[in-house]
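Residue numbers (UniProt numbering), protein chains in the order written: chain A, 1 to 679; chain B, 1 to 679; chain C, 1 to 679.
Wrong hints could be hidden among the right ones.
Unchecked claim - Ranges between beta-carbon positions, derived for each pair:
#1 B:Lys456 / C:Asp283: 46 to 56 angstroms
#2 A:Gly210 / C:Pro471: 24 to 34 angstroms
#3 A:Glu498 / B:Gly281: 26 to 36 angstroms
#4 B:Gly281 / C:Lys63: 55 to 65 angstroms
#5 C:Lys269 / A:Pro527: 47 to 57 angstroms
Stated by the list, open to error - Calculated lysine-lysine pairs in the BS3-like style (CA-CA distance at most 30 angstroms, straight line):
#6 A:Lys269 / A:Lys236
#7 A:Lys456 / A:Lys584
#8 A:Lys643 / A:Lys669
#9 B:Lys2 / A:Lys213
#10 A:Lys398 / A:Lys654
#11 C:Lys398 / C:Lys631
#12 C:Lys643 / B:Lys213
#13 C:Lys643 / C:Lys631
#14 B:Lys398 / B:Lys171
#15 B:Lys303 / B:Lys2
#16 B:Lys2 / B:Lys456
#17 C:Lys643 / A:Lys322
#18 C:Lys269 / C:Lys236
#19 A:Lys260 / C:Lys213
#20 A:Lys213 / B:Lys631
#21 B:Lys398 / B:Lys322
#22 C:Lys213 / A:Lys322
#23 B:Lys260 / C:Lys322
#24 A:Lys2 / A:Lys303
#25 A:Lys260 / A:Lys171
#26 B:Lys584 / B:Lys643
#27 B:Lys456 / A:Lys260
#28 C:Lys173 / C:Lys322
#29 B:Lys322 / B:Lys584
#30 B:Lys654 / B:Lys631
#31 B:Lys213 / C:Lys322
#32 B:Lys669 / B:Lys2
Please keep in mind that the hints were generated in silico from the structure rather than gathered at the bench. Here a beta-carbon is modelled for each residue, glycine too, at the ideal position from N, C-alpha and C.
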Amino acid sequence: MKPTYNSFLFGGDWNPEQWPEETWEHDIEMLEDAHVNEVTINVFSWALLQPAEDRYDFTMLDKIVALLVKHDFNIVMATGTAALPGWMVREHPEVIRTEQNGTRHVFGGRHNFCPTSPYFRNVSRALAAHVAERYTGTPGLVNWHVCNEYGGGGGLCYCEQCAQSFREWLKAKYGTVEALNQAWCANFWSHTITDWADVVPPVSYGDGIGEAKCVVSGLQMDYRRFQSQAQLECYKNERDAIREYDATTPVTTNLMGTFKDLDYFEWAKEMDVVSWDNYPGMDTPPSFTAMCHDLMRGIGGNKPFMLMEQTPNQQNWFPFCKVKRPGEVRKLSWQAVAHGADTVQFFQMKQSIGGCERFHGAIIGHDGTENSRVFKETAALGEELARVGKRIMGSTPKARVAIMFDWQSYWSLEGCVGPTAGFSYPDEVHRFYRALWRRNVPVDFIESTVPLDTLKQYDLIIAPALICVLPGVAENLEAYVTGGGNFVTGYMAGIHDENDLVVPGGYPGKLRRLMGIWVEEIDALAPDETIDVRGEVVDGVDAKGEIVASIIHCEAARALSTYGGDEFYSGHPALTVNDFGQGKAYFVGTPLDRAGMGAFISSLVNTLGLNAIDTPDDVGLSIREADDGTKYAFLINSSNTAKQMRVPELDGGKDLLTDEVIDGLIEMKPFGVAVVELH
Amino acid sequence: MKPTYNSFLFGGDWNPEQWPEETWEHDIEMLEDAHVNEVTINVFSWALLQPAEDRYDFTMLDKIVALLVKHDFNIVMATGTAALPGWMVREHPEVIRTEQNGTRHVFGGRHNFCPTSPYFRNVSRALAAHVAERYTGTPGLVNWHVCNEYGGGGGLCYCEQCAQSFREWLKAKYGTVEALNQAWCANFWSHTITDWADVVPPVSYGDGIGEAKCVVSGLQMDYRRFQSQAQLECYKNERDAIREYDATTPVTTNLMGTFKDLDYFEWAKEMDVVSWDNYPGMDTPPSFTAMCHDLMRGIGGNKPFMLMEQTPNQQNWFPFCKVKRPGEVRKLSWQAVAHGADTVQFFQMKQSIGGCERFHGAIIGHDGTENSRVFKETAALGEELARVGKRIMGSTPKARVAIMFDWQSYWSLEGCVGPTAGFSYPDEVHRFYRALWRRNVPVDFIESTVPLDTLKQYDLIIAPALICVLPGVAENLEAYVTGGGNFVTGYMAGIHDENDLVVPGGYPGKLRRLMGIWVEEIDALAPDETIDVRGEVVDGVDAKGEIVASIIHCEAARALSTYGGDEFYSGHPALTVNDFGQGKAYFVGTPLDRAGMGAFISSLVNTLGLNAIDTPDDVGLSIREADDGTKYAFLINSSNTAKQMRVPELDGGKDLLTDEVIDGLIEMKPFGVAVVELH
Amino acid sequence: MKPTYNSFLFGGDWNPEQWPEETWEHDIEMLEDAHVNEVTINVFSWALLQPAEDRYDFTMLDKIVALLVKHDFNIVMATGTAALPGWMVREHPEVIRTEQNGTRHVFGGRHNFCPTSPYFRNVSRALAAHVAERYTGTPGLVNWHVCNEYGGGGGLCYCEQCAQSFREWLKAKYGTVEALNQAWCANFWSHTITDWADVVPPVSYGDGIGEAKCVVSGLQMDYRRFQSQAQLECYKNERDAIREYDATTPVTTNLMGTFKDLDYFEWAKEMDVVSWDNYPGMDTPPSFTAMCHDLMRGIGGNKPFMLMEQTPNQQNWFPFCKVKRPGEVRKLSWQAVAHGADTVQFFQMKQSIGGCERFHGAIIGHDGTENSRVFKETAALGEELARVGKRIMGSTPKARVAIMFDWQSYWSLEGCVGPTAGFSYPDEVHRFYRALWRRNVPVDFIESTVPLDTLKQYDLIIAPALICVLPGVAENLEAYVTGGGNFVTGYMAGIHDENDLVVPGGYPGKLRRLMGIWVEEIDALAPDETIDVRGEVVDGVDAKGEIVASIIHCEAARALSTYGGDEFYSGHPALTVNDFGQGKAYFVGTPLDRAGMGAFISSLVNTLGLNAIDTPDDVGLSIREADDGTKYAFLINSSNTAKQMRVPELDGGKDLLTDEVIDGLIEMKPFGVAVVELH
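Next up, chain A with everything else stripped away, as it sits in the complex (with noise of 0.2 angstroms):
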């Protein structure tokens, strides 16, 4: 497909507000020299800005701006109501997020508006429309960047205004309280309402139980699917402010991978371009970043997307922050590029001297200098993209393997009040998708409401924990399988329909017909507990299930594995098959180790002829497929030590980087990256 952007964009946020002017034009001039020839600016500027609520100034952005435009950058441009003024929430405390136990904040943190006060839609409004008045046609303006991180100033709000709000919103999705009443169950604990005002929040102080959880939970699914829509108006009411001064430049904000409370798929038909924030933990595996980059594209519709953020050296925020590797940045930087990031851009250019990020790595650091390791590393990152980068754009992966990632099911599985704690929904999906990550096996990631045909693109299809199953999903999915579809989905799925109630008659529910198989019961495994399964698909392999055990009764579908053990349901079905129409349905009774879902995933991967590449442990291969045919294969060494590998689908292939041709062992430093082009 076509580029969005005529460069492969390098650089990210930079907040010259920060600096004294005079300052300005030597950064920039560093930057140069790092290959930075893009950033993002005004993303936190509301208080220069808007210094009252009747006065705007644009004197230093303007400044800024000029500068830019003398350099020839490209802009990010962001709409700078990512953080409240002072003055605003002092004069509109209603503008500020309130806390689950009910606390109203006062002036502080960032990202931190009530999504649904009138107010702040009007101020953030204006200013959207403000700064797109003024800057649309800049030369270089690439891209709009709508306010920041959405929900990440950390929970969702429990205002009086947003209780206000929810009633509507329910009002207008019910229609009558008595069909309220039934969908949440409310009989009980007595929780039957008779008036729309009785509806309150899930407060910790009224039926919340946490975040996650809820006494009634369709009032916490609700409430999520109101928030998350709230939100995602904010940022389409500062989008529509631009299109009235620009009607073709992209506009984006950036996303943050699994992130709970903002159902994504939502998120991304309002985006002309997916962007997120890539901040891997000290202990998150590679497959997990993989993960989320195929998920970021899989939201965006599978195009390419930006890698707005990530650091260039440690992240400040961690108990415990370590220094990035040699080579780890530029690997980090290449794994997006590898599953579908047309940019790399980093937060940020220059490291603050204040505030709570001042310990967070930057491309000019607290020394100010080019003498830096990450200077240096950053720069020779920088050269390398722009000899290489702009081939690859527009190219993205080809996946024969889909994972529905579904939010409800996110929020209704870690909203269970039982038979188990232990469950993270990304966690659940990451087991599934590391075995095929292992494997070298590219997946896509798609809602579970796709339609038929969407379903139809792909020989194999998983559901992870699929707990929540939308009308439709069920007779899709028996649909796909007829047709000789290949569906696997497993312990916990089927059980809630889209009002988060149990689907009477039998677990996995409404997947019941499809998977042939009767769920009895879900026994809960303790902490560091395990069970042993055993048998066909699992041979030769020390496999463990963890968390949970269903207890399996088969009907139409058949055993692959039992469990071991001297449980009383040992020799009970682990993993089952069903044949249904042309194709298979599998269903995995226990959350797999990765011994298990290893050899699980190895027999699917043989069965339907995926065309798995063997790669040492930590290392990843992906491949990008250009409109012509051409083929960018990135071959990434996650780990900190040298690997030694054959890889005879790369042989002959061109690696960018080095121009050398692929011919036999390949040698990998530790971080080491080869990008190899086939044709």
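We have chain A; now place chains B and C onto it with these hints.
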């Protein structure tokens, strides 16, 4: 004694209001298949029964009752006041509880009323009166059930109404602020007050240190007494409303074993029959569950009680919830009967599809069939109880040993700031109880303030951690031992008087003469630290003390054991005995571990000829005796492994479950049960 | 120097107001038996002294004082303002502290006033004035004691009055909001303000991240400065009231060692004599306690100080509270004297029977007799001090080494968000101190801003984790080293200026020239992770670094040791030395473990000829020197095992406790003490 009911009640909570009316009768028929003969209804129906302040609606409840009458069910009818309707909290915000941190709740949760709210008193009494008026005389109505699990909504109430009522309560108790100041030792930290208005409940932003501790411990103790009584007034208020219409049907409310916040001895005095909810945790030892049954029997004067709730399968609120193993629920049910239950009731009949308890087990599960393991096991249990239960009813265990369980000491012990945070009062009671249970020595539970005549019914009285010695108790105990009784107490005993003030003159205060010792100091042991105990009664045993070590000086007493190790108090007495009149008083200076306590209790059992019966680990034997002298011996294997044993005491008896006569070797399956009739 | 008191004060807190008047004299007589010659009174008597806003009542205090005068006791008279009376909080709710989460307290607790409350300032001054007016000139009155443990009520105050006063304070400091914005780097996250009214204290629902960290770190630093000063104003306010009546009797308030919230160097300037409360925890090493004594001596200008409180037996507020072992309190007392205490005082004389401190040890325990171990040990200690104490008074330790303890760096270091959460400032100071203590090298504590002349008094100055370099400090240190001084600092040093802004140009900022290095990056180590350090000064030792590793480039300096292991910075300098003028500047790049720091300090001690004295583990030797040159060497065994040693430096000296002359082998009992007079 004469049983309360004509048949052995088997059933429990049924919430048809959560289901379409057309499903009700089929559910009832399924329950009949499971030998269910009773349901508890109307627990959480307030919002349905009273949809607005000025309107009642019994339409649905009438239908439910009619159906039950048609099917000859026994009915336990709740008053329906267990959760406040939404409109009520909206219109009368003061009706709901306020947390210790000052947060007043909004609509949500359950068991959530403020216990001093005049509005709540009025409306709950009115609802109870309406229900009683309407359903008194209903065929099958066997019991009234007031509200539900009082106090189970989480914590005491700290609202302004409670503060006001508390001040009145104090005024009535103390008369003058001078008396209050003295009782509370209020000159400490300048807490002297000059006006009743200065009294503040122990809120976390005042003198409260969590809910257990307080700067002024007398304030904490009095607030607990006041709140327990205020909740009891709520119960009595509804009970009295019922009694205006129904003079005879028993009234109860379901209690919660060793629940801290309510002094159940006071409560049971107002209940016609004690009922309670048994929810052992994953790690709860069978001895602890047995102790709770005995305690619940004890507060009711050793009459049979109702097992009002237990789960037919896994609970849902633990971090991980294992399904109950085959036979486990049957075992728990018979264990309850063994200790005096005359009913076996479950929460609940049919599993909810919504609400935070939807993963809690039920007889009819989410599959809605009779095919589930749980349904089948329940039905089998129902068959057994229908066959055997009735003849057992009215019989009771007979004990020669009594343990004092003292809610004042419970609050006082856990209220101490020093010398250790390691004490849980129920665990300390269990420490002694477990050793008796292990030897199958029956135990009654009594209040510390029982009259001397009651004490004299026992050969042995144990008062674990009796830190609070109420007026008259020491004198009674002295008279009891003088007359030949045997008394055991120990660490922490006697330190406080009824005002939670230390009794000057040396520990154990008012018990010092009886025990014949002076405890000079109380050393705390670190978690996992133990101290050796050696000598006479623990000979040949590796006995250890935990948590604290009392440094004891024998006055009239002599040492039975001493501390080992190399502490400066090694060689000092750890256990002492005092010959006092015709009896003996034993002081246990340190919480003995299982081995140590076992040896000590064994020696007492032997000395007193208490007829211990030998059974394997995890197998308990309890005996109920009928008025005609028939004995029912319950042999219960609480483990998931088979056991073999010989119990000569049972030879010749007939196992009522199998109709086999016991003769020598007894083979018990995992979770196996035998009910042996002995003449 | 001339001692402050005529006799060695031995006594402490006495709260007769908690007891019937008829018991007082008997208690005094018992205390006399224990050689107690002083009591501290009136600490918590406000509610008694002022039972209503318009009424004072000194009846009881008059009687107490009269009794003490009769018995020739020394009196330390508190002003009585340490806990607010109930009526006051009820009538003036704003007088009490507000938590960081916005919760204003109600009546309860202690040390609980809002430090900016005008009402509190008035009433506390009035009470202090009344007390001073009434008791000035009382025979035996040796010291005034203002309030109690300022700040010990838990946290800063965040009320609206404090917010208002803070804004005034800022206005006075910065003059304009522009200057404030610059000092706080307020353009970060749009925190730029346009009106002083926009300043909000660092509440948890604003910019506070716990009490230690903050979005705007300058806000946190300034709020801490402001609150420390506001509390100091409260102290001065009462002190000045006293001075209106009594021009000469020393005034103090009891401090708390390394307590974070108050800058004790500022405080000590306003105190005639420093006093402090020593409550080591169960795991506090003796070196840490020694450090606290030296710090408390240091803030007062190395004059003898008062040990105002310690416990005669177990504290009560730990999770588990061990009784003090025989000899342990004596050891702690002599350790205090060894480091400069001229008094030994206890909390408390008689154990309370109520209140949350009733399990805190006392000289007269709950038994109320002289028979207890604690009473006897205290009496023996009293006898020793009466015999030996006076001659020691006025002498002080003489040190050639000084450690900078800097409250600004304390707040700043623990305020960092990144690179690690592993730092406790006092622990980092202790890391260096411990190595000196272990070698019995005396240490003084100084402020970082002392004049050059003060620096020049020392051969070695150590500034652990001096992250905040105040104006003039770097210049003074350069001059000091130029002139031949030896300076040690290291990891985290020099990063911040006085506004908590990073000094641009590379770490260690203003110390870079002096240290001759550039710290390019600071890597964080995971908990329990270490990094090898090897080379010159740690030869033959298994030295490790912890928490962080500075990645150092030598400029003028050279490496003394390097990092081992296989990190990318292995082989880089870990310790460096810079020859700077006539002196040397050492940089310690990583928090060295005990072995590593020991080796480094040993090399310094040897190089500088600092007269280390060899003693066994856990045995400390400290020396006080009198004006006449007499030395008192305190040999203290802080372990519970006997020790043997030879200390040639003590040979020929006389142990004042035993009157034996030291001659070769010294045998010390567990917790043994020798006080050796040397001429």
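Now the hints, each set against the structure:
In this structure the supplied range 46 to 56 angstroms holds for Lys456 of chain B paired with Asp283 of chain C, their Cβ-Cβ distance being about 50 angstroms. A beta carbon spacing of about 48 angstroms between Gly210 of chain A and Pro471 of chain C contradicts the range 24 to 34 angstroms that was offered as a hint. Judged by the Cβ atoms, the range 26 to 36 angstroms given for Glu498 of chain A and Gly281 of chain B holds: they are separated by roughly 34 angstroms. Taking 55 to 65 angstroms as the suggested C-beta distance range, the pair Gly281 of chain B and Lys63 of chain C conforms, at roughly 57 angstroms.
Distance hint for Lys269 of chain C and Pro527 of chain A: a CB-CB separation of about 55 angstroms, consistent with the stated range 47 to 57 angstroms. Annotation: proposed proximity of Lys269 of chain A to Lys236 of chain A holds, straight-line Cα distance about 11 angstroms (limit 30 angstroms). About 14 angstroms separates the Cα atoms of Lys456 of chain A and Lys584 of chain A, which keeps this hinted pair within 30 angstroms; it holds. Between Lys643 of chain A and Lys669 of chain A, the direct Cα distance comes to roughly 7 angstroms. Compliance with the 30 angstroms bound is thereby established for this hinted pair.
Restraint check for Lys2 of chain B and Lys213 of chain A: the C-alpha separation of about 47 angstroms exceeds 30 angstroms, so the hint is violated. For the hint linking Lys398 of chain A to Lys654 of chain A, the alpha-carbon distance of about 20 angstroms falls within 30 angstroms, and the restraint holds. Distance restraint check for Lys398 of chain C and Lys631 of chain C: the Cα-Cα separation of roughly 10 angstroms lies within the 30 angstroms cut-off, and the hinted pair is therefore satisfied. Between Lys643 of chain C and Lys213 of chain B the CA atoms are separated by roughly 42 angstroms; this puts the pair beyond 30 angstroms, and the hint is violated.
At roughly 23 angstroms between alpha-carbon atoms, Lys643 of chain C and Lys631 of chain C fall within 30 angstroms of each other, so this suggested pair holds. Simply put, Lys398 of chain B and Lys171 of chain B have alpha-carbon atoms about 43 angstroms apart, too far for the 30 angstroms limit, and the pair is violated. Proposed proximity of Lys303 of chain B and Lys2 of chain B is supported: the alpha carbons are some 10 angstroms apart, at most 30 angstroms. A hinted pair counts as satisfied when its Cα atoms are at most 30 angstroms apart, and Lys2 of chain B with Lys456 of chain B qualifies at roughly 25 angstroms.
A threshold of 30 angstroms between alpha carbons decides the hint, and for Lys643 of chain C with Lys322 of chain A the separation of about 44 angstroms lies outside it, so the pair is violated. A distance of roughly 11 angstroms separates the Cα atoms of Lys269 of chain C and Lys236 of chain C; the hinted pair therefore holds under the 30 angstroms criterion. About 26 angstroms separates the Cα atoms of Lys260 of chain A and Lys213 of chain C, which keeps this hinted pair within 30 angstroms; it holds. For a cut-off of 30 angstroms, the pair hint linking Lys213 of chain A to Lys631 of chain B is broken: about 49 angstroms separates their Cα positions.
Distance restraint check for Lys398 of chain B and Lys322 of chain B: the Cα-Cα separation of roughly 35 angstroms exceeds the 30 angstroms cut-off, and the hinted pair is therefore not satisfied. Of the pairs offered as hints, the one joining Lys213 of chain C and Lys322 of chain A holds, with about 20 angstroms between alpha carbons and a cut-off of 30 angstroms not exceeded. For the hint pairing Lys260 of chain B with Lys322 of chain C, the CA-to-CA distance comes to about 28 angstroms; that is within 30 angstroms, so the pair holds. With a C-alpha separation of about 10 angstroms, the suggested pair Lys2 of chain A and Lys303 of chain A falls inside the 30 angstroms cut-off, and the hint holds.
Between the alpha carbons of Lys260 of chain A and Lys171 of chain A the distance comes to roughly 25 angstroms, so the proposed pair stays at or under 30 angstroms and holds. Our distance criterion of 30 angstroms between C-alpha atoms is broken by Lys584 of chain B and Lys643 of chain B, whose separation comes to about 38 angstroms. A C-alpha spacing of about 65 angstroms is found between Lys456 of chain B and Lys260 of chain A, which places the hinted pair above 30 angstroms, so the restraint is violated. Distance check on the hinted pair: Lys173 of chain C and Lys322 of chain C sit about 48 angstroms apart at the alpha-carbon level, beyond 30 angstroms; violated.
Restraint check for Lys322 of chain B and Lys584 of chain B: not satisfied, since their Cα atoms lie roughly 46 angstroms apart, outside the 30 angstroms limit. About 11 angstroms separates the Cα atoms of Lys654 of chain B and Lys631 of chain B, which keeps this hinted pair within 30 angstroms; it holds. Distance hint between Lys213 of chain B and Lys322 of chain C is fulfilled; the C-alpha atoms sit about 20 angstroms from each other, no more than 30 angstroms. Distance hint between Lys669 of chain B and Lys2 of chain B is unfulfilled; the C-alpha atoms sit about 34 angstroms from each other, more than 30 angstroms.
The structure does not agree with the numbered hints 2, 9, 12, 14, 17, 20, 21, 26, 27, 28, 29, 32 stated previously, though it agrees with the rest.
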